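Top to bottom, those sequences are chains A and B. The first sequence runs 1 to 272 under this note's numbering. The second sequence runs 1 to 307 under this note's numbering.
Treat the hints loosely; a few may be bogus.
[What the hints assert, rightly or not] Below, in silico cross-link-like pairs of lysine to aspartate or glutamate (DMTMM-like), each with a Cα-Cα straight-line distance of 20 Å or less:
#  : chain 1 : residue 1 : chain 2 : residue 2
1  : A       : K147      : A       : D22
2  : B       : K61       : B       : D91
3  : A       : K184      : A       : D41
4  : A       : K25       : A       : E85
5  : B       : K61       : A       : E66
6  : B       : K61       : A       : D22
7  : B       : K231      : A       : D22
8  : A       : K25       : A       : E54
9  : B       : K231      : A       : D41
10 : B       : K99       : B       : E152
11 : B       : K231      : A       : E54
12 : B       : K61       : A       : E133
13 : B       : K99       : B       : D149
14 : B       : K61       : B       : D266
15 : B       : K231      : B       : D205
16 : B       : K99       : B       : E40
17 : B       : K61       : A       : D139
18 : B       : K61       : B       : D23
19 : B       : K99       : B       : D67
20 : B       : K61       : B       : E71
21 : A       : K147      : A       : D269
22 : A       : K147      : A       : E271
23 : B       : K61       : A       : D207
[Stated by the list, open to error] Listed next, the stretches of chain A that the computed footprint assigns to chain B, with coverage defined by at least 3 CB atoms under 8 Å from CB atoms of chain B:
#  : region
24 : 2–10
25 : 35–42
26 : 149–156
27 : 184–196
28 : 226–237
Treat the hints as calculated values from the structure; they're not laboratory data. Predicted, not measured: the structure shown is a model, and the values here were computed from it. Beta carbons: idealized from backbone N, C-alpha and C, even for Gly.
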Amino acid sequence: MTEAELRELQHWMANELRRRHDLGKDPETRALAQRYFTGNDRLSPVEQLEIYREQFWLRHTSSLVEDFPGLGGLIGQNAWQRLVEEYLAEHPPASRSLRDLGDRLPEFVARCTWLEQHELCIDMARLEWTYIELFDAADAPALAPEKLASLPEAAWQTARIVLNPALRLLRVRYPVTDLRRALKAAHAPVPIPAPASAELVLYRSRDRVIGDEPVTPGAFALLTLLGAGTPLVEACERVVHSLPAEASYVEENVGAWFQHWAERGWVVDVEV
Amino acid sequence: MASADRPARLSRSRGPLCFDVPDLGIGVGLRIPHYAEVLETRPPVDFFEVISENFMVQGGKPLYHLDRVLESYRVVQHGVSLSIGAPAPPDMEYLARLKTLLRRVGSPWVSDHFCWCDAGGAHLHDLLPLPYTDSVVRLVAERARRIQDYLEVPFALENTSSYLTYTASGMPEWEFISEVAERADIALLFDVNNVYVSAYNHGFDPVEFIRNVPHDRIVQIHLAGHTNLGKYIIDTHSAPVIDPVWELYRQTIALTGPVSTLIEWDDEIPSLSRLLEEAARARAARDQVLSSPEGAAAGVPHPRSAP
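Hey, can you work out the whole structure from these sequences and the hints?
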């Protein structure tokens, strides 16, 4: 067997193993399996290949179930099966780590308009993928109080706030964090909650527990700008400008917010 | 490459080991359900094995727990996604991250599998068997030698369980892995359960397999349970090691001498105490063989004749 023949065989196998239905029903696959595999006294060549195909689906379905328990619990077995099959058909696993398997599921769910409670499903998928990102996001040392104390007043005019790499901002239309907790604990159907928009900070705490905390629209907007690298003073001005109704509230609370964010570990550095 | 840069290999002469690696004793796989208990109770485990890919991350719990475990235990790294026989050559970015983790862990060797996992941009997350041909020997050996040189620690490849055999294969599996190991001058991770599973699935004699691999290249042994579905066995790592595999382990140890041995249990993971019972059984079997020549001569049943 030449290297070219080996590559041809492997590409063919990789395609066959991702097919959704029993390979034995396809005459062409049966014929090629006969050519490539020996079979034995208990299994035909195509049955040997079929073992790997079944394992492919078991493995990847299980991985997504584990990573998206809220979404799976929300949509039920039949819809979940369809969703996973269509997702893996459109997005074959490309990363060597199963951790990345669901990285495009939120955007895929957003296009699956056939899903009941579609907006809720989108929120749930985005939340659960964010949890995966936070689980092993980079660590960062806590903000040193002495660094803050040593900053000259003038430095704050251009200072940039460095947010914890294990922090994400998520705007949702449903109370998905509570719903996910309920679904994970439930032994009976969980009622679908009414819409309730919220701006959430999702973060990994210093003791490596993933938490969620709602914040005000002004705080959310400010954190978004800071996360994008906007200097603190400029970010505050832009928030006040874009949310005039909250201008005074933002101006009055930004100091307290900053203190709270630093205590939570959301702010890890100030760059001047 | 200067000799000082080469992996710590002693010589090609048949000693207890071709590679200057320690016998770490009996270990178990470090798995998430046991993290807290391991750190709280510091159980008497000789070493832990970690799946490299689970710790090739930026931060968070995986690396935190790994660092805490490293404070008290030796840890060896085992990979599952190198895909050494894939159409594309090994990914250097992956190997660089693996090497970074190696420096953190201080693993005395690093291992992966005789297999391929991906093709055409799709990663199958499976350990697919390779055809056992001369050209594939050359391909895998060339890649393995380069990897070992790059990683600068002994590199071991593990025999896999398989559920199919290729018409193109021109040699038995034991000859294939022996040829690659000798040609590349790499180590072997010898999975006794995989020998049993493949022997059952393909109808060969596991003892012939065990007797015909280069024992002096074996730096680690794996033991695990499996799921027998009648027509074939799946290597699930979801159950205790069965008695015929224990017998094959004794046979292996009699040929290799004291080699680090690990219990793998990756699905339906039991309590830590149950896992440690399995490790204790491995220790007893190993001690028995190493202390008693008579124990080494224990008969090994063929998988097809096992109950």
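Okay, the hints, checked on the actual structure:
1. K147/A <-> D22/A: With a Cα-Cα distance of about 63 Å, the restraint between K147/A and D22/A is violated, given a limit of 20 Å.
2. K61/B <-> D91/B: violated (26 Å)
3. K184/A <-> D41/A: The hint is violated at about 45 Å.
4. K25/A <-> E85/A: Distance ~19 Å between K25/A and E85/A Cα, so the pair holds.
5. K61/B <-> E66/A: holds (17 Å)
6. K61/B <-> D22/A: violated (40 Å)
7. K231/B <-> D22/A: holds (17 Å)
8. K25/A <-> E54/A: holds (14 Å)
9. K231/B <-> D41/A: holds (9 Å)
10. K99/B <-> E152/B: The hint holds at about 9 Å.
11. K231/B <-> E54/A: Answer holds: K231/B to E54/A is near 15 Å, not above 20 Å.
12. K61/B <-> E133/A: Answer holds: K61/B to E133/A is near 12 Å, not above 20 Å.
13. K99/B <-> D149/B: holds (11 Å)
14. K61/B <-> D266/B: Within the cut-off at roughly 19 Å; holds.
15. K231/B <-> D205/B: holds (17 Å)
16. K99/B <-> E40/B: violated (29 Å)
17. K61/B <-> D139/A: holds (10 Å)
18. K61/B <-> D23/B: violated (29 Å)
19. K99/B <-> D67/B: With Cα atoms ~16 Å apart, K99/B and D67/B stay inside 20 Å; holds.
20. K61/B <-> E71/B: It holds: about 16 Å lies between the C-alpha atoms, which stays within 20 Å.
21. K147/A <-> D269/A: Judged against 20 Å, a Cα distance of about 9 Å means the pair holds.
22. K147/A <-> E271/A: holds (10 Å)
23. K61/B <-> D207/A: Distance of about 9 Å is within 20 Å: holds.
24. 2–10: holds (count 7)
25. 35–42: holds (count 7)
26. 149–156: Not satisfied, violated; 0 residues make the cut.
27. 184–196: violated (count 0)
28. 226–237: violated (count 0)
Violated hints, listed in ascending order, are 1, 2, 3, 6, 16, 18, 26, 27 and 28; each of the other numbered hints is respected by the structure.
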